[in-house]
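Protein chains in written order, with the working numbering: chain A, 1 to 80; chain B, 1 to 253; chain C, 1 to 176.
Honestly, the hints are just simulated from the structure, not real lab data. Don't take every hint at face value.
As the list claims (entries may be wrong) - Calculated cross-link-like contacts (lysine to any residue; reagent style SDA-like; alpha-carbon spacing at most 25 Å):
| hint | chain 1 | residue 1 | chain 2 | residue 2 |
| --- | --- | --- | --- | --- |
| 1 | B | 89 | C | 62 |
| 2 | B | 89 | C | 55 |
| 3 | B | 89 | A | 54 |
| 4 | C | 142 | C | 156 |
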Amino acid sequence: MAVEGDLVQMGALIGAGLACTGMGGAAVGVGHVVGNYLSGALRNPAAAAGQTATMFIGIAFAEALGIFSFLVALLLMYAQ
Amino acid sequence: MSAEAESAGNGFNIHPMDQFVVKPLFGHGDVGMFTITNVTLWMGITVLAIIALLVLGTRGRAVVPSRSQSIAESIYLFVHKMLEDIAGKEGLKYFPYIFTLFIFILVANILGLIPGAFTTTSHIAVTAVMAMAVFITVTLIGFYKNGIGFLGLFWISSAPLILRPILALIEIISYFVRPISHSIRLAGNMMAGHAVIKVFAGFAGALGVFSVFPIVAIMAVYGLEMLVVCIQAYVFAILTCVYLNDALHPGGH
Amino acid sequence: MASETQSAASEHAVGMPQLDFATFPNQIFWLVVTLVVIFFVLNRIVIPRIASVLADRHDTIQRDLEKAEELKQKAVEAEEAYNKALADARVEASNIVVATKAVIQKDLDKAIAKADAEIAAKAAEGEVKIKEIRDNAVKAVKVVATDTAAAIIQSVMPAASDAKAIKTAVTARLKG
Numbered sequence: 001m002a003v004e005g006d007l008v009q010m011g012a013l014i015g016a017g018l019a020c021t022g023m024g025g026a027a028v029g030v031g032h033v034v035g036n037y038l039s040g041a042l043r044n045p046a047a048a049a050g051q052t053a054t055m056f057i058g059i060a061f062a063e064a065l066g067i068f069s070f071l072v073a074l075l076l077m078y079a080q
Numbered sequence: 001m002s003a004e005a006e007s008a009g010n011g012f013n014i015h016p017m018d019q020f021v022v023k024p025l026f027g028h029g030d031v032g033m034f035t036i037t038n039v040t041l042w043m044g045i046t047v048l049a050i051i052a053l054l055v056l057g058t059r060g061r062a063v064v065p066s067r068s069q070s071i072a073e074s075i076y077l078f079v080h081k082m083l084e085d086i087a088g089k090e091g092l093k094y095f096p097y098i099f100t101l102f103i104f105i106l107v108a109n110i111l112g113l114i115p116g117a118f119t120t121t122s123h124i125a126v127t128a129v130m131a132m133a134v135f136i137t138v139t140l141i142g143f144y145k146n147g148i149g150f151l152g153l154f155w156i157s158s159a160p161l162i163l164r165p166i167l168a169l170i171e172i173i174s175y176f177v178r179p180i181s182h183s184i185r186l187a188g189n190m191m192a193g194h195a196v197i198k199v200f201a202g203f204a205g206a207l208g209v210f211s212v213f214p215i216v217a218i219m220a221v222y223g224l225e226m227l228v229v230c231i232q233a234y235v236f237a238i239l240t241c242v243y244l245n246d247a248l249h250p251g252g253h
Numbered sequence: 001m002a003s004e005t006q007s008a009a010s011e012h013a014v015g016m017p018q019l020d021f022a023t024f025p026n027q028i029f030w031l032v033v034t035l036v037v038i039f040f041v042l043n044r045i046v047i048p049r050i051a052s053v054l055a056d057r058h059d060t061i062q063r064d065l066e067k068a069e070e071l072k073q074k075a076v077e078a079e080e081a082y083n084k085a086l087a088d089a090r091v092e093a094s095n096i097v098v099a100t101k102a103v104i105q106k107d108l109d110k111a112i113a114k115a116d117a118e119i120a121a122k123a124a125e126g127e128v129k130i131k132e133i134r135d136n137a138v139k140a141v142k143v144v145a146t147d148t149a150a151a152i153i154q155s156v157m158p159a160a161s162d163a164k165a166i167k168t169a170v171t172a173r174l175k176g
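Let the hints inform the model, and build the full structure from the sequences given.
Right, dumping it as structure tokens:
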């Protein structure tokens, strides 16, 4: 019984750790969005100001998936 | 399990989630619906801070603004411009609602960064209510303004016909995921940042002289969090504007 | 079990407090109260106030801009008037210069003529005087010569002294 519980918890914690790799994907996505925004902005600075909001929306969408993986990790760790 | 963790704790007594516990402010009873809790306290402080900034700050009504008045005006103009840029002139009708959400999230986030504070916006319950309110309101506005044509949001007429059902399915799923991502983004960011600070603080308590490193790290993370809380308030408001724009103009973006 | 969780939660958080559904009604209730309060404060006080302040400022700036435009127009007119006055003054000044030059030339000519006349008169007078002085001197020389010649003859050969002959000889000699 106790061993079974420990096994479940171990599995959950390993799963949480694996879920955290998803955050790396979100980081890559956010970096991609901002990097492309910046390279575009340096080519055409006049148009940059108008697209800041779009950039933030893109960041938000990219980041949401990282937050999902963070949430999955938390759920695995704490909510059983 | 809790007792086990206590006994096994070899100096690292880190409880990063303690700061999010909702407790009654007076006594130790259960948390009922109308109990005065730390949620009540910090939401009350949020309201007072907003009144101090926006009502007392603009008391002078000066043409040449004082410092506090110019802060209030910049926030007002910021939200106004954001709404007008994204949702157009028709969107300005909903300005008070967006402004309410934005200022509440911004001030609650910033107040949550005070050491020892309780962050109301780190709770799924709070953000989910706001996100669901936005979702339901926007959907209703969409159907009210466009009738059944609002469903055109999911039927991408510029795509090849054969792809349209698949795209419609994806669009519908992403539409219903909106409130989830909208709420979890805010709560998750708040929770993660505060938990990270708390974890570093736990290290600092256990490391003795070397606690200077965690403390420096806390300062860095705190600066980052300062940025994150403002950006999250902005993102919540801007996504609300985007959803509103979808409801007002489902055809073109 | 539930009460155990509850008592444990007051010590340390077990699991995620965010997923403790027992606290949801409380949070939602207070959130709704807060949002309604903020909404009324914003809608009743803040938004009308800031909107009116911004409208006032816009009006003031507009008015100031118009005033500035007017003043600029005036300044342009004043500059034009100034330039015109300057040009007029230049023309007038050059006229005056020409006229004055003419007057001065005339005066100068007159003065030169007068001075020439005076100089000529003085020169003539001087010539007359010089001539007189020379005549007097010649006359005096003649007298002295005659006297000297008479005295010399008187002392050398008194018999041959003839005053008339001496005079004639001296005059002839002086002319020669």
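Results for each hint:
1. Distance restraint check for residue 89 (chain B) and residue 62 (chain C): the Cα-Cα separation of roughly 23 Å lies within the 25 Å cut-off, and the hinted pair is therefore satisfied.
2. Distance restraint check for residue 89 (chain B) and residue 55 (chain C): the Cα-Cα separation of roughly 18 Å lies within the 25 Å cut-off, and the hinted pair is therefore satisfied.
3. Distance restraint check for residue 89 (chain B) and residue 54 (chain A): the Cα-Cα separation of roughly 18 Å lies within the 25 Å cut-off, and the hinted pair is therefore satisfied.
4. At most 25 Å may separate the alpha-carbon atoms for a hinted pair to count; residue 142 (chain C) and residue 156 (chain C) meet this at roughly 21 Å.
Consistency note: the structure conflicts with none of the earlier hints.
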